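Q: Fit chain B to the given chain A structure using the hints.
Protein chains: 2
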Amino acid sequence: MTLAIHPLLGIPEVSAGDDLAPLLLASLESADLVLEDRDIVVVTHKIISKAEGAVVPLAGNDDDAYRAVVLDQSSEILRKRGRLVIARTKHGFICANAGVDRSNAASGTAVLLPIDPDRSAHGIRMALEAATGASIAVIVSDTFGRPWRRGLVDVAIGISGIDALLDLKGTTDAFGRELEVTEIAVVDEVAAAADLVMGKAEAVPAALLRGLDISGGDGRATDLIRPAHEDLFR
Amino acid sequence: MTLAIHPLLGIPEVSAGDDLAPLLLASLESADLVLEDRDIVVVTHKIISKAEGAVVPLAGNDDDAYRAVVLDQSSEILRKRGRLVIARTKHGFICANAGVDRSNAASGTAVLLPIDPDRSAHGIRMALEAATGASIAVIVSDTFGRPWRRGLVDVAIGISGIDALLDLKGTTDAFGRELEVTEIAVVDEVAAAADLVMGKAEAVPAALLRGLDISGGDGRATDLIRPAHEDLFR
Numbered sequence: 000m001t002l003a004i005h006p007l008l009g010i011p012e013v014s015a016g017d018d019l020a021p022l023l024l025a026s027l028e029s030a031d032l033v034l035e036d037r038d039i040v041v042v043t044h045k046i047i048s049k050a051e052g053a054v055v056p057l058a059g060n061d062d063d064a065y066r067a068v069v070l071d072q073s074s075e076i077l078r079k080r081g082r083l084v085i086a087r088t089k090h091g092f093i094c095a096n097a098g099v100d101r102s103n104a105a106s107g108t109a110v111l112l113p114i115d116p117d118r119s120a121h122g123i124r125m126a127l128e129a130a131t132g133a134s135i136a137v138i139v140s141d142t143f144g145r146p147w148r149r150g151l152v153d154v155a156i157g158i159s160g161i162d163a164l165l166d167l168k169g170t171t172d173a174f175g176r177e178l179e180v181t182e183i184a185v186v187d188e189v190a191a192a193a194d195l196v197m198g199k200a201e202a203v204p205a206a207l208l209r210g211l212d213i214s215g216g217d218g219r220a221t222d223l224i225r226p227a228h229e230d231l232f233r
Numbered sequence: 000m001t002l003a004i005h006p007l008l009g010i011p012e013v014s015a016g017d018d019l020a021p022l023l024l025a026s027l028e029s030a031d032l033v034l035e036d037r038d039i040v041v042v043t044h045k046i047i048s049k050a051e052g053a054v055v056p057l058a059g060n061d062d063d064a065y066r067a068v069v070l071d072q073s074s075e076i077l078r079k080r081g082r083l084v085i086a087r088t089k090h091g092f093i094c095a096n097a098g099v100d101r102s103n104a105a106s107g108t109a110v111l112l113p114i115d116p117d118r119s120a121h122g123i124r125m126a127l128e129a130a131t132g133a134s135i136a137v138i139v140s141d142t143f144g145r146p147w148r149r150g151l152v153d154v155a156i157g158i159s160g161i162d163a164l165l166d167l168k169g170t171t172d173a174f175g176r177e178l179e180v181t182e183i184a185v186v187d188e189v190a191a192a193a194d195l196v197m198g199k200a201e202a203v204p205a206a207l208l209r210g211l212d213i214s215g216g217d218g219r220a221t222d223l224i225r226p227a228h229e230d231l232f233r
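Protein chains in written order, with numbering that gives the first Met the number 0: chain A, 0 to 233; chain B, 0 to 233.
Be a bit skeptical, because a hint or two may be false.
The list makes no distinction among identical chains, and a pair is therefore deemed to hold if it is satisfied within one copy or across any two copies.
In silico SDA-like links for lysine to any residue, alpha-carbon gap of 25 Å or less [what the hints assert, rightly or not]:
hint	residue 1	residue 2
1	79	225
2	168	63
3	79	227
4	89	21
5	89	168
6	168	61
7	89	67
8	79	133
9	79	3
10	89	231
11	168	121
12	79	128
13	79	146
14	168	228
15	79	52
16	168	83
17	79	233
18	89	25
19	168	202
20	168	149
21	168	66
22	168	15
23	168	57
Hints are computed from structural coordinates only; laboratory data are not their basis. Computed from a predicted model, the values in this text were never measured in an experiment.
Isolated chain A (complex conformation):
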């Protein structure tokens, strides 16, 4: 099984009300790609937020206004240091600045996370499947930091047509021992893989991953949120 990851190029700047599926299909077509069963389309949340109008003005492009938006988007503040806030979003994700971002946003505005990224993923999947007849998965990604490790990685914040976790419980290793590691966050690994062809500055907001034979599930990205009582680092 060889995986291929294609950047989806040529997607124009997106505005509120835009329909993303035709833009994704046009990009695929210009690369001579036709969606097939089990393909996974990864879309950065930013163009989804913009299409859904999840963009707010910042009065005077002011840092204070930005901080107020971050607080408004947070359900809990875990840590604060200088300009950095680590917050739990209303969806339950824990990330910097509650996912509110001024990069790749028009001057004087900030982009929020989609209100329901799983639903956003589902909508895009339904539209792409209706147009092509292929049974696919869609993953909505964002760029998160991590404790303990420098640097950012892309993770999944919305999914459709795939399970968030690949559960290996009951699987035995080459020695017949039951695996201690049982749940792989496969959609996070797909999001990270897709980021390798996206870059941050070059405006490649989507990618196609082909060759992974695990789509077809019915999970939600919120399945990835570790319940507070299981979490040793809250």
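A: Coordinates of chain B only, in the frame set by chain A:
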């Protein structure tokens, strides 16, 4: 730029003293793959640890003996709950059970992390480059959990011929604004991507990633370790 990720199949069970480069080259050859400049070979640490003899016996295959090995491999214990220990390894990585693992280990033994995974990566790279003439990168991976998010993902614990972090400082977005996100943990994203073709049970301990035009750096995986004074979650 399209990425391809190939599993490296047919690598036999590895024992202390085995030379990994010929095994990797035989696997590549059987898949009709010839290493090219900028290829990235990802190797799970487990076969490196075994080849380097970083395997310890557990007296009576006893959980107590396992816990003693975990403590011995730890430089600091961050959290403990039931059987789970979150520890800082002697390298500085923070992970479950200090990276000591009984999966895919012979009965009554546990596999440690390599003593110096960056050096292990370098050794494999030198051998593969000498055999093929290609300028490549090598990444040694392990499977880590994360706070806040369920499921495990593969990350880089040793690298050679590539920088750990892709620094976008000074890069501007489509609106001319300097990016707030500046450091991408690109080798962690490569490790995660490679895990998609590896599985856990099927003994695919290596993968080839082709198409990423960023190798050629001179970093270390320890560059990924966030200094304690910058870390909000120690």
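Q: So, for every hint listed, does it hold in this structure?
A: Each hint tested on the structure:
1. For the homomeric pair residue 79 and residue 225, the shortest alpha-carbon distances inside one copy (21 Å) and between copies (17 Å) are both at most 25 Å.
2. Within a single copy, residue 168 and residue 63 get their C-alpha atoms only as close as 48 Å, which misses the 25 Å cut-off; across copies the closest is 23 Å, which meets it.
3. Proximity of residue 79 and residue 227 under a CA criterion of 25 Å is satisfied in both settings, with 19 Å inside one chain copy and 16 Å between copies.
4. For the identical chains of this complex, residue 89 and residue 21 are neighbours neither inside a copy (30 Å) nor across copies (51 Å), given an alpha-carbon limit of 25 Å.
5. For the identical chains of this complex, residue 89 and residue 168 are neighbours neither inside a copy (31 Å) nor across copies (30 Å), given an alpha-carbon limit of 25 Å.
6. For a Cα distance limit of 25 Å, the shortest separation of residue 168 from residue 61 across copies, 22 Å, qualifies, whereas the shortest one inside one copy, 50 Å, does not.
7. Proximity of residue 89 and residue 67 under a CA criterion of 25 Å is satisfied intra-copy only: 15 Å inside one chain copy versus 41 Å between copies.
8. Taking CA atoms no more than 25 Å apart as the test, residue 79 paired with residue 133 passes in neither setting, with 45 Å inside one copy and 47 Å between copies.
9. In this assembly of identical chains, residue 79 and residue 3 lie within 25 Å of each other by CA distance neither inside one copy nor across copies; the values are 40 Å within and 40 Å between.
10. Taking the shortest Cα distances, residue 89 and residue 231 sit within 25 Å of each other both inside one copy (20 Å) and across copies (21 Å).
11. Taking identical chains as interchangeable, the C-alpha atoms of residue 168 and residue 121 are never at most 25 Å apart, the minima being 28 Å within one chain and 35 Å between chains.
12. Within a single copy, residue 79 and residue 128 get their C-alpha atoms no closer than 43 Å, and across copies no closer than 46 Å, so neither meets the 25 Å cut-off.
13. In the homo-oligomer, the alpha carbons of residue 79 and residue 146 lie at most 25 Å apart both inside one protomer (13 Å) and across protomers (17 Å), since each shortest distance falls under that limit.
14. In this assembly of identical chains, residue 168 and residue 228 lie within 25 Å of each other by CA distance solely inside one copy; the values are 22 Å within and 38 Å between copies.
15. For the identical chains of this complex, residue 79 and residue 52 are neighbours neither inside a copy (28 Å) nor across copies (44 Å), given an alpha-carbon limit of 25 Å.
16. In the homo-oligomer, the alpha carbons of residue 168 and residue 83 lie at most 25 Å apart only across protomers (17 Å), although the nearest pairing inside one protomer, at 38 Å, exceeds that limit.
17. Taking the closest pair of Cα atoms, residue 79 and residue 233 come within 25 Å of each other both inside a single copy (13 Å) and across two copies (14 Å).
18. In this assembly of identical chains, the alpha carbons of residue 89 and residue 25 never lie at most 25 Å apart, being 33 Å within a copy and 51 Å across copies at closest.
19. Taking CA atoms no more than 25 Å apart as the test, residue 168 paired with residue 202 passes between copies only; the shortest distance there is 16 Å, against 39 Å inside one copy.
20. Taking the shortest Cα distances, residue 168 and residue 149 sit within 25 Å of each other only across copies (14 Å), while inside one copy they are farther apart (31 Å).
21. Taking identical chains as interchangeable, the C-alpha atoms of residue 168 and residue 66 lie at most 25 Å apart only when they sit on different chains, with a minimum of 22 Å there against 43 Å within one chain.
22. Within a single copy, residue 168 and residue 15 get their C-alpha atoms no closer than 43 Å, and across copies no closer than 29 Å, so neither meets the 25 Å cut-off.
23. Proximity of residue 168 and residue 57 under a CA criterion of 25 Å is satisfied inter-copy only: 24 Å between copies versus 48 Å inside one chain copy.
Checked against the numbered hints above, the structure violates hints 4, 5, 8, 9, 11, 12, 15, 18 and 22; every other hint is satisfied.
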